[in-house]
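Trainee: Single-letter residue listing:
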Amino acid sequence: MSVAVAPQQPSATERPAARLRAGRSRQDLVPALLFLLPAAFGFVTFYAWPALRTFYLSFTDYSLLAPPEWVGVQNYAEVLGDRRFWKSLTVTLEYVVINIGVQTVVALALAVLMHRLTKSTLIRGVLLLPYLVANVVVALVWYTMLDAQLGIVNSGLELVGLDPVAFFGETSTAIPTIALVNVWRHMGYTALLIFAGLQSIPSSVYEAAAIDGASEWRIFWRITMPLLRPVLVLVLVLTVIGSFQIFDTVAVTTKGGPIDSTRVIYYYIYEKAFQQFDFGYAAALCVVLFVILAGVALAQVKILRAGDSDLD
Amino acid sequence: MSTIAPQAPAPRVARKEATDRRSSAQRSPLGVRVGVVTALAVVALLWLAPLLWALDTSLKLESETTAVPPQWIPESGFTLEAYRSVLASDDLITWFVNSTVISVAVTLLTVLVSALAAYGFSRCEFRGRGVLLALTVAGIMVPPQILIVPLYRQMIAMGLVDTYWGVILPQLVAPAMVFILKKFFDGIPRELEEAARVDGAGSFRIFWQIVLPLSRSILAAVAIFVFIGAWNNFLWPFIVTSNPDLMTLPVGLVTVQSTFGVRYAQVMAAAILAGLPLIIVFMLFQRQIIRGVATTGLGGQ
Chain L
1 MSVAVAPQQP SATERPAARL RAGRSRQDLV PALLFLLPAA FGFVTFYAWP ALRTFYLSFT
61 DYSLLAPPEW VGVQNYAEVL GDRRFWKSLT VTLEYVVINI GVQTVVALAL AVLMHRLTKS
121 TLIRGVLLLP YLVANVVVAL VWYTMLDAQL GIVNSGLELV GLDPVAFFGE TSTAIPTIAL
181 VNVWRHMGYT ALLIFAGLQS IPSSVYEAAA IDGASEWRIF WRITMPLLRP VLVLVLVLTV
241 IGSFQIFDTV AVTTKGGPID STRVIYYYIY EKAFQQFDFG YAAALCVVLF VILAGVALAQ
301 VKILRAGDSD LD
Chain R
1 MSTIAPQAPA PRVARKEATD RRSSAQRSPL GVRVGVVTAL AVVALLWLAP LLWALDTSLK
61 LESETTAVPP QWIPESGFTL EAYRSVLASD DLITWFVNST VISVAVTLLT VLVSALAAYG
121 FSRCEFRGRG VLLALTVAGI MVPPQILIVP LYRQMIAMGL VDTYWGVILP QLVAPAMVFI
181 LKKFFDGIPR ELEEAARVDG AGSFRIFWQI VLPLSRSILA AVAIFVFIGA WNNFLWPFIV
241 TSNPDLMTLP VGLVTVQSTF GVRYAQVMAA AILAGLPLII VFMLFQRQII RGVATTGLGG
301 Q
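Chains L and R supply the protein sequences, listed in that same order.
UniProt numbering puts the first residue of the first sequence at 1, with every later residue one more than the last.
UniProt numbering puts the first residue of the second sequence at 1, with every later residue one more than the last.
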């Protein structure tokens, strides 16, 4: 922000350079096009065009069999009055809050512990291992382990005299269970991201703090957290958006049940589009979800930046 | 929140390796360190317990998987019975082949296409570059899953439903990887390329023979993470394939999951087999992967 230059000044001084660049620009255009062409083709065909189509389809009644029929904002009106949509939204939010809340706090603690105590590659490797296992496989393993009658966890609970818990089979426990299973899979990855951020903090800062006799607790709040904030923002934005994508675990374990308690937004979109073939409505749900995700990402960046400036 | 250190000299030790003997006598921070490291190790073991349990279960007889109380070592010993029955049906092998073909193709093509685009962004000046770059960054923020509905329709129109290409092509668009590679290419000094240009090498030769070899480490990191993503991908392959002969492992596992029923040993054996290639990749490239988390996960910061 300190380099606020008058807008007209650079254009005057840069004129010769700009002319030079313009000459180069013509020369570069052909190779540039060739380099970018494959990616641009893919981006347009599988990203930009489908994105525009989603928007268009959300205003139509479309079931794949007949051509889309324009219905205006009818889908959106229906979405707003759709009890199941609101339910799926709250379920997804509940999932994201538990998933991200637990994951971020524990991953941060693990990363700080690793940073201050051990540089062991082995421990980092162990933490990362669950991330390499597919969501689907992770879900299968935990589904088996947490089975209400035959799972090993409930056998363990019985051994110590507790009542068995139907982890996936109870409306109150299903979403927390799914959220924590995915925390297990993803936490090591998140911890390593934060760890990488910690390593970019110069060690001289810690040495100075140690000479001043600051406690570890104080060091954490006064040095680590403020300096880590940019990385933490990035990690949070990425993991929150990723967390909203929850689908695999639900598809393997509960399939939306019991009684709608785990019908997350993506599962609802999937059901609408690929089981009920209501593509127009599903497209409207996608657009609404997109708006929500964009809002969440913006809000996060804003909130965490606001905290940042306090420290200067 | 004014937590002041109880003993002035003590915290100073927590700094680096136990070099300060005096204070170690005072509060034995070495002991604390050993204690914490041991605790971390125990946590690490608990962390892996589910995977170990899956492996253990896969080596049991079906009748002993639900023994009460649960046992790590089954009474009649370990057996490969579950693996034998899982591999006896051709399905798993077919899916394994499909997963391999698709993941390898996705990895090679994504790395190639992304590297080309990244190099174009990094080295060529042209009108609209800023706009395209902004689009790339926007593409990172928009999760591609949100496009499944029109994408599926498009696959029907292109006749790609239930084909390898139908699974592969949409996975090739990786704006994040383009961005990471561009940042890396930006850091490569241009002198080498200019020298080659003076010698008459064209843009593609320079890219292929000078820039790519210099970028091996980042290309490897990107390739590994693209491969992990492709191998584990579920939603898109699940939607675009309905023919069991074309399914990938995750999709196949989910569709037959119900037929396995409570045959835990077989479920676990299939799960272990599905996870095995990545575990092997991990053992081979552990260091690169751990480093790669930072380079690919944080957008090449």
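To be clear, the hints were calculated from the coordinates, so they are not data collected in a lab.
Among the hints, erroneous ones may be present.
Claimed, not checked - Computed footprint of chain L on chain R; a stretch qualifies when at least three of its residues, placed anywhere within it, have a C-beta under 8 Å from a C-beta of chain L: (1) 42-54; (2) 82-94; (3) 99-105; (4) 143-149; (5) 234-247; (6) 285-294.
Said to hold, decoys possible - Derived lysine-lysine pairs resembling DSBU-like cross-links, with alpha carbons at most 35 Å apart: (7) L:Lys255 - L:Lys119; (8) L:Lys119 - L:Lys302; (9) R:Lys183 - L:Lys119; (10) L:Lys255 - L:Lys87; (11) R:Lys183 - L:Lys255.
Cβ coordinates follow ideal geometry from the N, Cα and C atoms, glycine included.
Trainee: Evaluate each hint against the coordinates.
Mentor: These are the hints, each one checked on the structure:
1. 42-54: Our answer is that it holds, as 7 residues pass the Cβ test (under 8 Å) against chain L, meeting three.
2. 82-94: violated (count 0)
3. 99-105: violated (count 0)
4. 143-149: Holds: 7 residues of the region 143-149 of chain R have a Cβ under 8 Å from chain L.
5. 234-247: holds (count 4)
6. 285-294: holds (count 6)
7. L:Lys255 - L:Lys119: Violated, because 41 Å separates the two Cα atoms, which is more than 35 Å.
8. L:Lys119 - L:Lys302: holds (33 Å)
9. R:Lys183 - L:Lys119: Between lysine 183 of chain R and lysine 119 of chain L the Cα gap is close to 27 Å, so the pair holds against 35 Å.
10. L:Lys255 - L:Lys87: Judged against 35 Å, a Cα distance of about 15 Å means the pair holds.
11. R:Lys183 - L:Lys255: violated (41 Å)
Hints 2, 3, 7, 11 from the list above are not met by this structure, while the remaining hints are.
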